[in-house]
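Visitor: Here is how the chains run, residue by residue.
Number of protein chains: 2
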Amino acid sequence: MPEPYWTAERIDGVVSERAKTLGPAVWAAAQPEARPVISFAGGLPDIPSLPGEILLKAARTVIDREQKEALEYGGTFGAYPLRQAIAERSSAIEGIPVAVDQVIVTSGSAHAIGVVCETLLDPGDTVLVESPNFPGSMRTFRTFGAHQVAVPMDDIGIRVDRLEQELQKLADNGNRAKFVYMIPTHQNPAGCTLDLQRREKVVELARRFNTFVLEDDAYGELWFETTPPPSIFALSNGDHGIKVSSFSKILATGLRMGWTMGPAPLISRMATVRYDMGTSPFLGRVIAETIRNGDLDRHIQNLRKIYLRKLERVEAALERYCSGYCTYLRPQGGFFLWLALRPGLTSRDVQQAANERGVVVGQGPQFFADQQATNHLRLAFSYVPMEDIEEGVHRLGEAMAEVAARSAVK
Amino acid sequence: MPEPYWTAERIDGVVSERAKTLGPAVWAAAQPEARPVISFAGGLPDIPSLPGEILLKAARTVIDREQKEALEYGGTFGAYPLRQAIAERSSAIEGIPVAVDQVIVTSGSAHAIGVVCETLLDPGDTVLVESPNFPGSMRTFRTFGAHQVAVPMDDIGIRVDRLEQELQKLADNGNRAKFVYMIPTHQNPAGCTLDLQRREKVVELARRFNTFVLEDDAYGELWFETTPPPSIFALSNGDHGIKVSSFSKILATGLRMGWTMGPAPLISRMATVRYDMGTSPFLGRVIAETIRNGDLDRHIQNLRKIYLRKLERVEAALERYCSGYCTYLRPQGGFFLWLALRPGLTSRDVQQAANERGVVVGQGPQFFADQQATNHLRLAFSYVPMEDIEEGVHRLGEAMAEVAARSAVK
Numbered sequence: 000m001p002e003p004y005w006t007a008e009r010i011d012g013v014v015s016e017r018a019k020t021l022g023p024a025v026w027a028a029a030q031p032e033a034r035p036v037i038s039f040a041g042g043l044p045d046i047p048s049l050p051g052e053i054l055l056k057a058a059r060t061v062i063d064r065e066q067k068e069a070l071e072y073g074g075t076f077g078a079y080p081l082r083q084a085i086a087e088r089s090s091a092i093e094g095i096p097v098a099v100d101q102v103i104v105t106s107g108s109a110h111a112i113g114v115v116c117e118t119l120l121d122p123g124d125t126v127l128v129e130s131p132n133f134p135g136s137m138r139t140f141r142t143f144g145a146h147q148v149a150v151p152m153d154d155i156g157i158r159v160d161r162l163e164q165e166l167q168k169l170a171d172n173g174n175r176a177k178f179v180y181m182i183p184t185h186q187n188p189a190g191c192t193l194d195l196q197r198r199e200k201v202v203e204l205a206r207r208f209n210t211f212v213l214e215d216d217a218y219g220e221l222w223f224e225t226t227p228p229p230s231i232f233a234l235s236n237g238d239h240g241i242k243v244s245s246f247s248k249i250l251a252t253g254l255r256m257g258w259t260m261g262p263a264p265l266i267s268r269m270a271t272v273r274y275d276m277g278t279s280p281f282l283g284r285v286i287a288e289t290i291r292n293g294d295l296d297r298h299i300q301n302l303r304k305i306y307l308r309k310l311e312r313v314e315a316a317l318e319r320y321c322s323g324y325c326t327y328l329r330p331q332g333g334f335f336l337w338l339a340l341r342p343g344l345t346s347r348d349v350q351q352a353a354n355e356r357g358v359v360v361g362q363g364p365q366f367f368a369d370q371q372a373t374n375h376l377r378l379a380f381s382y383v384p385m386e387d388i389e390e391g392v393h394r395l396g397e398a399m400a401e402v403a404a405r406s407a408v409k
Numbered sequence: 000m001p002e003p004y005w006t007a008e009r010i011d012g013v014v015s016e017r018a019k020t021l022g023p024a025v026w027a028a029a030q031p032e033a034r035p036v037i038s039f040a041g042g043l044p045d046i047p048s049l050p051g052e053i054l055l056k057a058a059r060t061v062i063d064r065e066q067k068e069a070l071e072y073g074g075t076f077g078a079y080p081l082r083q084a085i086a087e088r089s090s091a092i093e094g095i096p097v098a099v100d101q102v103i104v105t106s107g108s109a110h111a112i113g114v115v116c117e118t119l120l121d122p123g124d125t126v127l128v129e130s131p132n133f134p135g136s137m138r139t140f141r142t143f144g145a146h147q148v149a150v151p152m153d154d155i156g157i158r159v160d161r162l163e164q165e166l167q168k169l170a171d172n173g174n175r176a177k178f179v180y181m182i183p184t185h186q187n188p189a190g191c192t193l194d195l196q197r198r199e200k201v202v203e204l205a206r207r208f209n210t211f212v213l214e215d216d217a218y219g220e221l222w223f224e225t226t227p228p229p230s231i232f233a234l235s236n237g238d239h240g241i242k243v244s245s246f247s248k249i250l251a252t253g254l255r256m257g258w259t260m261g262p263a264p265l266i267s268r269m270a271t272v273r274y275d276m277g278t279s280p281f282l283g284r285v286i287a288e289t290i291r292n293g294d295l296d297r298h299i300q301n302l303r304k305i306y307l308r309k310l311e312r313v314e315a316a317l318e319r320y321c322s323g324y325c326t327y328l329r330p331q332g333g334f335f336l337w338l339a340l341r342p343g344l345t346s347r348d349v350q351q352a353a354n355e356r357g358v359v360v361g362q363g364p365q366f367f368a369d370q371q372a373t374n375h376l377r378l379a380f381s382y383v384p385m386e387d388i389e390e391g392v393h394r395l396g397e398a399m400a401e402v403a404a405r406s407a408v409k
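In order, the protein sequence lines correspond to chains U and X. Straight run, no breaks: the first sequence in numbering that gives the first Met the number 0 ends on number 409. Straight run, no breaks: the second sequence in numbering that gives the first Met the number 0 ends on number 409.
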């Protein structure tokens, strides 16, 4: 049998500029680990509460009631009943009227962000990105050839003075930002939630500089005890805010379903540029049914309690095993603790020492556009089984102690 | 309340070049018609045989057996058990060994074709396209800035002499085609199936000119009495053929699930360029279960009988009501009859006269890259209820008679 002509090297020679930017590395599914690992790495939902029965019940109802509509094409905006259910539910949550034509269904929020890029970005366009941030989104912006300008955050969130400076600088050069990308609520990785005053300032800046705020809200509904301030989308009256949301964290990442709300003419353009003929109307109608029958809201209420318990357990363990080595701000929701290591400890060293003890955490540099060295670690407390939390943080503490001892010797 | 800032006009001013190419028109879901219509327009599956119960049964099994894997991220290649089931099943169908790393799962074949474009195309690249062809694919090529060269077909399919000429012409100019797009089996819209001799010639040309054949096989498994020749993918030993397939026509368009097979290094690049974090592992595992438990194959056998019966009914009605006005070649499978109208009848006139009688058909020009005027109509016989076929063709015959009478008067 002849050798195949299309080797990896030959393929490298013919791929698009976009594919070249990305390189050959692939994000496949997690491989089974050789030894048991306690993972604080991925922003994944709690396993025991996964809503299989809720989905099966809704699927049964959908097939009985509307099999034809569920199993036929549903258009590029997504299944109408889901858009309708989202619009109604969001009107209540956001406190502004949200119309169906302001809603588009996507394959999760990652896809939504990609479709926003397809709709708005040409190579060389500028986007502003709060920093640190979610690496997956920064990767997407990069592959669309965007010039990313990092805007720093403090403990409250994005620094609006620096945001104004950057927007003004662009305007002075006759340029503009296509959008400002931020995660104002339960930020990934930093865990902080932007206060109302800064949100209002962000909206004012978006208006003044005629740009959009691309508001990633994957974690917004997962607050623990305090409801977050109104969204940028709501504060802009649905005009300058593009809010990207997902069913991944409130139902299941394995559905690949999310939605975006924004100005109707922009949503319409997003429906046009996609080439996937829309997201599954079957899954869309199943999720619409979980909204209608109240299961989604009940499930979210349950998740809030579960994640608060996990956070409390992580906090207790951090207090016991890591208190000399790091500090953090308590998040009001979401999946993440952003640990600031004490001077002398680098995230790289601690991550490695933790790995050797069978504990995985997210390392700081991946969350910065310039991959700068940091003394931060991201601890996702959502996925790890309740009973493994103490042991995992215990080992993390040992790793910190070891690195501290080594650095003291030097 | 102030007027919204982001009007359609302002949005038009800030969208990407890609969005500008597409314009604001949107393909939404079919709107309910004001009066009952008999539709031969869309390539949609038969309604009464939609497999809701098959899917629910498989979903129950998947949730019971593997809820965690089904409801978590599954990676950008798609759920592993589905890739495995596709590789095994395809090895049997194709007659060559197909490995798991040659398979990627996508949101239907439309999405697969888009991902191939993302992976291979830069603006200005050339693709060859058999003509007539599926408008959705030509639209996608256009939005990626591809230069499309039409290669004509005859009753057997693509003219390989003309294909060779075009490839040679490109080579003479130091250029090359990134791929040749074709639907060799039960072609859309023409209904023809390329014979083995020409398929072998296509593979030989792809090898000689170092290009790919992007083989759209949405309808390949829906043969009626004659199994089609081996695919281009199989004949090229999986090396120069990229075969794009879909569960849309053999299960349901509402799943938005399909798959692509090709050289492993190219499949790997496709997994990298997509930004949707993969297709739903829940749906993927549900479909894998329908393959494993035999339901998919049984369903396809049932569909072959249904579509053959519909074809026979359409043929009988055409014989009765339209025989003086058009001719066609009998398709060996798929969803479409490609009617050649007799001289003097244009597709536009007949379509309009049919519409006035409550019958919808696909008009010829949309299937040509240059939208040239034609005397062809596409009749999709798959979707229309069995009991409406005779009445629909009857009205179409009246429409043809009316247009013929009008043109005789002129």
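I should point out that these hints are in silico values taken from the structure, not numbers from a laboratory. A portion of the hints provided could be inaccurate.
Identical copies go unnamed one by one, so any copy, or any two together, can satisfy a pair.
[What the hints assert, rightly or not] With a straight-line Cα cutoff of 35 Å, these simulated DSBU-like cross-link-like pairs (lysine-lysine) come out:
| id | residue 1 | residue 2 |
| --- | --- | --- |
| 1 | K200 | K168 |
| 2 | K200 | K309 |
| 3 | K304 | K200 |
| 4 | K56 | K200 |
| 5 | K168 | K56 |
| 6 | K67 | K304 |
| 7 | K168 | K19 |
| 8 | K56 | K19 |
| 9 | K309 | K19 |
| 10 | K19 | K200 |
| 11 | K19 | K304 |
| 12 | K67 | K200 |
| 13 | K304 | K168 |
| 14 | K309 | K67 |
| 15 | K304 | K56 |
| 16 | K56 | K67 |
| 17 | K67 | K168 |
| 18 | K309 | K168 |
Visitor: All hints, please: hold or fail.
Guide: Against the structure, the hints:
Taking CA atoms no more than 35 Å apart as the test, K200 paired with K168 passes inside one copy only; the shortest distance there is 17 Å, against 59 Å between copies. Taking CA atoms no more than 35 Å apart as the test, K200 paired with K309 passes inside one copy only; the shortest distance there is 34 Å, against 63 Å between copies. Taking the shortest Cα distances, K304 and K200 sit within 35 Å of each other inside one copy (32 Å), while across copies they are farther apart (64 Å). For the homomeric pair K56 and K200, neither the shortest alpha-carbon distance inside one copy (44 Å) nor that between copies (52 Å) is at most 35 Å.
Neither within a single protomer nor between protomers do K168 and K56 lie at most 35 Å apart by alpha-carbon distance, with minima of 54 Å and 59 Å respectively. For a Cα distance limit of 35 Å, the shortest separation of K67 from K304 across copies, 20 Å, qualifies, whereas the shortest one inside one copy, 38 Å, does not. For a Cα distance limit of 35 Å, the shortest separation of K168 from K19 qualifies both inside one copy, at 31 Å, and across copies, at 28 Å. In this assembly of identical chains, K56 and K19 lie within 35 Å of each other by CA distance neither inside one copy nor across copies; the values are 44 Å within and 43 Å between.
Taking the shortest Cα distances, K309 and K19 never come within 35 Å of each other, neither inside one copy (41 Å) nor across copies (48 Å). Taking the shortest alpha-carbon separations for K19 and K200, only the inter-copy value of 32 Å comes in at or below 35 Å, while the best intra-copy value is 39 Å. Neither within a single protomer nor between protomers do K19 and K304 lie at most 35 Å apart by alpha-carbon distance, with minima of 44 Å and 47 Å respectively. Neither within a single protomer nor between protomers do K67 and K200 lie at most 35 Å apart by alpha-carbon distance, with minima of 47 Å and 42 Å respectively.
For a Cα distance limit of 35 Å, the shortest separation of K304 from K168 qualifies neither inside one copy, at 45 Å, nor across copies, at 67 Å. Taking identical chains as interchangeable, the C-alpha atoms of K309 and K67 lie at most 35 Å apart only when they sit on different chains, with a minimum of 19 Å there against 42 Å within one chain. In this homomeric assembly, K304 and K56 come within 35 Å of each other (Cα to Cα) both inside a single copy, at 23 Å, and across copies, at 32 Å. Proximity of K56 and K67 under a CA criterion of 35 Å is satisfied in both settings, with 18 Å inside one chain copy and 17 Å between copies.
With identical chains, the CA atoms of K67 and K168 are never at most 35 Å apart, being 54 Å at best within one copy and 48 Å at best between copies. Proximity of K309 and K168 under a CA criterion of 35 Å is satisfied in neither setting, with 43 Å inside one chain copy and 66 Å between copies.
The structure fails hints 4, 5, 8, 9, 11, 12, 13, 17, 18 (numbered hints given earlier, in ascending order).
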